[in-house]
Every structure is written in structure tokens, then in C-alpha cells.
Amino acid sequence: MLSYLIFFVTVASILSIATLGLNLQWGVSGQFNAGVVGFVAVGGYGLAILTMPASEQLLVRLNLPFGVGLAASLVVCALVALVVGLATLRLRSDYLAIATFGIATSIQLLANNLEPLTGGSRGLVGIPRPFETLGPRGFALGYLAMVLVLLAAVYAGLQALLNSPWGRVQRALREDETVCAALGKNVVRFRLTAFVLGAMLMGLSGALYAGFVGTTSPSEFMPIMTFQIWAMLIVGGSGNNRGAIAGSFVIWGLWTFSGIAIVSVLPPHFQAQGGAVQAILIGLILVVTLLLRPRGLLGARHAT
Amino acid sequence: MIAQAIVDGFLSGAVVALGAIGVTFSLAILRFANFSHGDLLSLGAYAALFVLLMAGSTVPGASGALSTPIGPFSFGWGLPLAIVFGMAVAVAISLLLDRLVYRRLRKRSADPLTLVFASFGLALVLRNILLLLFGPDPHNYSSEIQMAVRLPGRVLVMPDQLLVFGVTLVVLALLWFFLQHTRYGIAMRSVAENPMLSSIAGIDIAGTVRLTWIVSATLAALAGVFYGVTVQVRPEMGLNLLLPLFTAAIIGGVGSVSGAVLGALLISLCENLFTLVIPSTYKPMIAFVLLLLVLYFRPQGLIAPKGQR
Amino acid sequence: MNGAAAHLLAAESVVAGYVPDLPIVHGVSLGVGPGEILVILGPNGAGKSTLVKSLAGVVPMFGGRLRLAGEDITGTPAHRLSARGIGFVPQTANVFTSLTVDENLRIGGYLLKTGLRERLDAAYARFPDLAQRRRHAGHALSGGQRQMLAIARALMTAPRLLLLDEPSAGLSPLMVSEVFGQVRQIADSGIAVLMVEQNVKAGLRIADRGLILVNGRAAHTGAAAQLRDDPLIAQLYLGKHAAPVAAHAAVGVSP
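Residue numbers (this note's numbering), protein chains in the order written: chain L, 5 to 308; chain V, 562 to 870; chain R, 617 to 871.
Hints in this document: simulated from the structure, not taken from any laboratory.
Certain hints may be false.
Quick list of in silico lysine to any residue cross-link-like pairs, SDA-like style, CA-CA up to 20 angstroms [unchecked claim]:
#: 1; chain 1: V; residue 1: Lys668; chain 2: L; residue 2: Arg297
#: 2; chain 1: V; residue 1: Lys668; chain 2: L; residue 2: Leu295
#: 3; chain 1: R; residue 1: Lys729; chain 2: V; residue 2: His742
#: 4; chain 1: V; residue 1: Lys844; chain 2: V; residue 2: Asp569
#: 5; chain 1: V; residue 1: Lys844; chain 2: V; residue 2: Met562
#: 6; chain 1: R; residue 1: Lys729; chain 2: V; residue 2: Arg744
#: 7; chain 1: V; residue 1: Lys668; chain 2: R; residue 2: Val635
#: 8; chain 1: R; residue 1: Lys729; chain 2: V; residue 2: Gly768
#: 9; chain 1: V; residue 1: Lys844; chain 2: L; residue 2: Asn117
#: 10; chain 1: V; residue 1: Lys844; chain 2: L; residue 2: Ser125
#: 11; chain 1: V; residue 1: Lys844; chain 2: L; residue 2: Pro227
#: 12; chain 1: V; residue 1: Lys668; chain 2: R; residue 2: Val674
#: 13; chain 1: R; residue 1: Lys729; chain 2: V; residue 2: Asp765
#: 14; chain 1: R; residue 1: Lys729; chain 2: V; residue 2: Gln741
#: 15; chain 1: R; residue 1: Lys817; chain 2: R; residue 2: Leu790
#: 16; chain 1: V; residue 1: Lys668; chain 2: R; residue 2: Pro693
#: 17; chain 1: V; residue 1: Lys844; chain 2: L; residue 2: Leu113
#: 18; chain 1: V; residue 1: Lys844; chain 2: L; residue 2: Asn116
#: 19; chain 1: V; residue 1: Lys668; chain 2: R; residue 2: Gly633
#: 20; chain 1: V; residue 1: Lys844; chain 2: L; residue 2: Leu121
#: 21; chain 1: V; residue 1: Lys668; chain 2: R; residue 2: Phe678
Simulated DEER-style distance windows between Cβ atoms [unchecked claim]:
#: 22; chain 1: V; residue 1: Asn701; chain 2: L; residue 2: Ile10; range: 46 to 52 angstroms
#: 23; chain 1: R; residue 1: Leu638; chain 2: V; residue 2: Gly768; range: 28 to 34 angstroms
#: 24; chain 1: R; residue 1: Gly759; chain 2: L; residue 2: Met226; range: 51 to 57 angstroms
#: 25; chain 1: R; residue 1: Thr708; chain 2: V; residue 2: Gln741; range: 22 to 28 angstroms
#: 26; chain 1: V; residue 1: Thr629; chain 2: L; residue 2: Tyr8; range: 56 to 62 angstroms
#: 27; chain 1: V; residue 1: Val645; chain 2: L; residue 2: Val192; range: 45 to 51 angstroms
Computed from a predicted model, the values in this text were never measured in an experiment.
Where a beta carbon is used, it is the ideal one built from N, C-alpha and C, also for glycine.
Make the full structure from the sequences, and use the hints.
As C-alpha cells, this is what we get:
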């Protein structure tokens, strides 16, 4: 029971980091990322690729230490975000949605097919992680502690950022872009930094996740994750960092609970469809929350 | 080899074109990127499948008036009926969703992203309902085997593909006539360019919105069935087609029907030509690369109607 | 030259703006009669454009009443106003640039059940320049030609009231004089014309009456001839912002 709780809290905390990243992109900067899972996957695969022990089948055999791999995967994430962001930030807002959707699809495709790099559909197994020498219980607790520390650091960092002049400009931009442009603020640059930072947080989340489960494969980063993280954000109250974390726990709880319920309720040959039921639930949560919230997705005006 | 790829490009481009036209109307008139458009294609395809399943046309050796293949094609008279049903279902669901979801959101907020977000969630729901109803395995409209037709240049095509291409040309011609020469068609074009000016001329925007959904859904359902006829009916077909559809509409220039068609052809041709040199599993990335190129170098599209945003 | 009863359009205490908490027009009343031209003048930001747009149903009206030939039309949505006989020529984006001249006019005549052909012929007769360019797309027209097309489009429904927002904007003096000549002819044919104008001199020259708007309020109104000599106008003409003078009731003011 306790180990399950540790598992739950660890994963929920890891996902919270991604949700905080999404909040930076959407809640603070008003940008719609329809391919969240892509950035998470880049982080996860980035870590895996860079830290895997050298092997014949792999193209990259750097076997870097965990921390270095983590940092490097964030850099890769930032680059990917830059490519997508630069393409679309001057254009109509739904173009970013389309482009991020495209990048997520492409990343999934590449992950599935570039076997020497990513291990193809089987993925990469046996990612070296910290705390492994402490045994299973030691690893679980150690990793959880690390994740919680990182989450706290990210949260504190974001709060500080949002209360800084940079954060104030972002909020002002969200309210009225033309005014800010007139004031001489480089709108595109502000948008881009928020987008890239948010993407890096998503990558961090992915890397931590890959480290936690020790493997990475296309099935760890399915398209449904984008919807899960969005649900986590808007259920918690978009624009609000605390809400993002709370929402992550709530939705992750709902997801695991519904998963258990489906497994125990549905007859065996329907269980494959169980995922579809969960997906419909998430979709309905998204649409219904949108309809019921009087200000749509705006949530709290303040991002704190 | 190249000739085959080019012909394949044209033939499969027809399906993408029909879907992309609906997307371009969405972007221009409804003013948002409809992420559930791909699943509208799936909806049409599966609704048609439902009819054929009921008629027993999908099983090997199916016989009877509806199932017996017409001429060299793989389907019987059941398919045209199924297409009509598919269109009706797609139109009905689109109008229903507009009423229940999109219209409410339009009233509340001018931000197009709320509509995008809603379509995002609705797409997930639609897709998974189809998955629940029909299961994860692919379906075919019939089990009949066709004889390939040999064209000059050692090109092989299926009669089904030729028919789909031909019907698409007819539909495009009808659409062109509708948009250029009928009152409602010109109204759609005017609302796409300038809703304010259209309403002071007396055009009811709400009515035009409904008409747009009807036209888009009808084309989407047709595209879906055509995809099902020439490829397969799969639960993820809508999702897989979404990126090419968006890319085609953007390449062509938002609001331009001929642009959407050209964009679709371009993507299809590129996909078929590039897979001569790169593994075909990477086919879906071609649309994305084209998208990035267009967004970087000519975001208004190739045939941006002059004077539009 | 008209008494209150003869006004085709009577607007009472119009409050209008884009956002309910921030009205731009604060309780303006005015009237226009058939065959007369009322010109709305005022410094930049006075709310002239917002006023005419609210009369056209394009900008929300938060307060006040609108009457057309005695009938209350307050709150009628923009697309129904054209059926009631109101035509509007916006200042910008006033023609469909992706449609041809002919298509633009057809859109103008969208609501016509019969007689479209006759109206088209009449439009081409009135604007021979457009007749020569029937198949040209809107974006291929010059500024002056676009203005003519915009007016022709609004006239397709044979409106009783024509609203114009700065028709002379961006035009050469020659074109301005042509456009205003057309507007005068339109009024002379019995249509009530309400025109927002930045060009004070030209506006007052063809108008019958004028209304000066300052900070969203009606500051002064009267016959055009008298306004031309009004010191307030001189201040406006020289570009100084005038403080609002006591507002006269605009409805029914006769010279």
C-alpha cells in the first residue's frame, strides 16, 4: 500500500512539472500547445539516449551521468520548441496549435522508427538512475525526494519569475497585445521565451518519468498524455500554479482510479476498450469545464 | 516507378482535397482550427460502414442487390446509400455540436483558441466513441477483390481509385459552381473575407455558419468514405489525416478552395514521391515538414486570396 | 429644414461603445430627414465613428432609442437593418477585395427577391467607372473606385437612410469632390444621409445640417451655413480640442 502511495505521489509530482510548464505557455502567455506529449517525450528520450550504457545496437553511447543527461535533454527540448515557436509566433494563434500537434506526431513517429537512436517500438530499457544502489524501497523514497525537491524548486522559480518585471509584461501581453507592442515590448520574444521555458519544463517532466520507470518507449508517451496534462491544468484553474499542481494530483487520481474500476468492472475482452472509456472521460472533462467556466479557460487572472 | 508514384499522388490527393476544403472553410468562416475535422471524416466512414455491416456487404461472398459489386468496383449499390447515410450523420453531429458547444463559446468569448480547445476535446470523445462502438481493428467495406487496371507507363490503378478520383472532380466542379454562381455560395465567400461587411449587406452570419458546417461535414464524410474505399476504415484514420488536412489548407491559403485542392495534391505527390527514397513509415512526417516550410516562408499560403488577412 | 415629425431617423440619447463599462458615445440625440445631409464633425477620438457604427448595428448600443420612420428599431441586429432600409458604408474594409465588382454589387443586393437585374443596371448607370470594371476584383480598384463601389453596394437595397463613415478618407481632392457630388445626388433623390466627416470644410459645404461631437457628446448642432461661421468650428478646423458647449437638443432644431 505504502509503495503504491509513493508511486502515485511520485508520478503525480512528475506530471505536475509538465502541467506547470503548460501553465507557463497557456495560463501566463496564452499559447495553445496541442502537442504537449511531444516535448515530454523529447525530454524522456533525451535522457534515455544520453545516459544509456554503451551497446552495439545503439547509435549514441555516451552513457552520461544522470544529472548531465537531464540537463542536456532540456537543451534539446528548448531547441525543438524554438523551431516550432519561431515558425508560428507571428501568425494566428491556432497555427501554433497545429504546429505543436505536428511536432508531437513527428516525434512519436521518429521514436517508433529510428531504431538505432531510440530503440524503435521496443524502446530503451535499463536507463541508469540515481539511488538504484539503495534497493527497491530506497530507490522509491530517494527518487520521490528528488522529484519533490525539483517540483518545489520549479514552483518557487516560477513564482519568482511571475512576480518579476518579466512576469508582469507577460500578464499585460495576455490582456492586450497591441498596447504592449505600442509600448515597445518585443511581443514575439516574450512569447517565445515563455513557450521555450514551458517546453523545457515538459522535457524535465519526461526525463524524470523515464528515469523513474527506467525504460522509455513510444507506449510511455502516447497522444492521450497531451489531453491528460491539459485536463490537469484546466481542472486546477489555468493561470494558477498551485491549481496546476492540485489539478495534476486530481486528474492522475481520477485516471488511476478509473483504470482500476474499469479493470474490475469490465469483462476481460472489453478491457482493451477501457482506455477508450478513460479517454472519453478526459475529453468530456475538457469540454464540460470549458462550457461551465464563465470565462472559458481564463481561470484566475493572476498566474500565482 | 515515378509514374506510379505520381498517379498514386493524384489519386490519393483527391481524398485529402475534399477534407482540406472543409478545413479551409473552418479556418476562414468559422475562424478556428477545427481539431475534430479529421474525426468527422472517420465519423462519415464509420457511419457508412454501419450501413454496410447491417446489409452484410462486408463479408466475403456477400451477395444481394446491395452487396453485389458493380462492374469492376469492389462495392455494390449499398455503398452510395451508405455514403448518403454517412453524410447525414456527419452533418447532424456537426450541427448538434455547433449548437451545444461552439455557439455557446462564440457568444461568450471572441478568442478563437477556446473553439480550438473545444474541438480538441470533442475530437478525443468522438474518436473514442467510434473505437468503443467498432473496435480497434481495421474494417473494409467489402471483401471483394478488384482487378487492377493497367495504364500507360506501367502504372497500375484500382478501378475504385479511378472512380473516387472521378467523383471528386465532379464534386469539385459542383462546389465551384455553388461558390461562384449561387447566392449562398457568394455569401459564404463574403463572410469568409469580411463578416462585418456581409452582415450590413443583410447576410445572416449565423445561417452562413450553419451552411458552412453542412458543406464541410458533407465533404468530410465523403472524403472519409473514399478513404475507407481506397485504403481502410480505421479508428485512427481521422487523427492520421488531420495534419495533411491542415497543411493542405494552409499551403493553399486559408479560404481558398482551389488552394486547398492544390495543397492536397502537393502533399500527396510529395508523400508518394519521397517514399520512393525514404522508408514509408516516415510518410506522415512529410506533411509536417511541408507545414514548417510554408509557415516559415509563405504563411499566407500559395494562393492567398488578395486582400484577405 | 425639417421639423421633428419629418425626421426619418430619430436617435435619442444613444449610449454606445465596444465594452459595456466603457461607453464612447454618451447620450447623443439626433435626427435626419429624407433628402437632407447631416454631417457629424468633431476632433479625433470624439466618437463619431462609434456613433455611426452603432446606428448601423455594428457596435453595440447600451442605451437610448432608435426610430426609423416612427418605428422603434432599437436593438435590431446589423443584418436586419438593411432590410429595414438602412445602408452603411464603413470607412475601412468597405468592399470585398476578393470578389469582383459585380459580385460586390450582388452581395449588396443579397436580400432582393426580385429586381436584382434592374438594380444592377441602375448602379452601373450611376457609376459608369464601375460598369467598365465589372469583372475586376475589388483589390484591383483604386481608392476612389473602391469608395464608389462601397456606396453603390450600399445603394443596392434602395435604402431610405444612408450612413457613411468618412467617405473622403484617403482620397485626392478631385475624388473627394466626385464622391461628395454623388452623396449630394443621393440625398437629392430623397434618401436621408448621415455622414461622418473629418474634412470639416468639404463636409459642411454639401451638408444641410451639422452635429459636432466632442468627447462622445453632442456639443453643437445647427444648419451647415451657420456652423461654417461658428467659432467652435474654427477651433476644430485649426485642430484645437474644444470644451463641450451646452448641448442643444438635436432633434427638431430648425434653422
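Here's how the hints hold up against the structure:
no. : hint                                     : verdict
1   : Lys668/V to Arg297/L                     : 13 angstroms, holds
2   : Lys668/V to Leu295/L                     : 11 angstroms, holds
3   : Lys729/R to His742/V                     : 16 angstroms, holds
4   : Lys844/V to Asp569/V                     : 14 angstroms, holds
5   : Lys844/V to Met562/V                     : 17 angstroms, holds
6   : Lys729/R to Arg744/V                     : 11 angstroms, holds
7   : Lys668/V to Val635/R                     : 14 angstroms, holds
8   : Lys729/R to Gly768/V                     : 18 angstroms, holds
9   : Lys844/V to Asn117/L                     : 12 angstroms, holds
10  : Lys844/V to Ser125/L                     : 17 angstroms, holds
11  : Lys844/V to Pro227/L                     : 19 angstroms, holds
12  : Lys668/V to Val674/R                     : 15 angstroms, holds
13  : Lys729/R to Asp765/V                     : 16 angstroms, holds
14  : Lys729/R to Gln741/V                     : 19 angstroms, holds
15  : Lys817/R to Leu790/R                     : 15 angstroms, holds
16  : Lys668/V to Pro693/R                     : 14 angstroms, holds
17  : Lys844/V to Leu113/L                     : 9 angstroms, holds
18  : Lys844/V to Asn116/L                     : 13 angstroms, holds
19  : Lys668/V to Gly633/R                     : 18 angstroms, holds
20  : Lys844/V to Leu121/L                     : 19 angstroms, holds
21  : Lys668/V to Phe678/R                     : 17 angstroms, holds
22  : Asn701/V to Ile10/L: 46 to 52 angstroms  : 48 angstroms, holds
23  : Leu638/R to Gly768/V: 28 to 34 angstroms : 31 angstroms, holds
24  : Gly759/R to Met226/L: 51 to 57 angstroms : 56 angstroms, holds
25  : Thr708/R to Gln741/V: 22 to 28 angstroms : 27 angstroms, holds
26  : Thr629/V to Tyr8/L: 56 to 62 angstroms   : 58 angstroms, holds
27  : Val645/V to Val192/L: 45 to 51 angstroms : 48 angstroms, holds
Taken one by one, the earlier hints all hold for this structure without exception.
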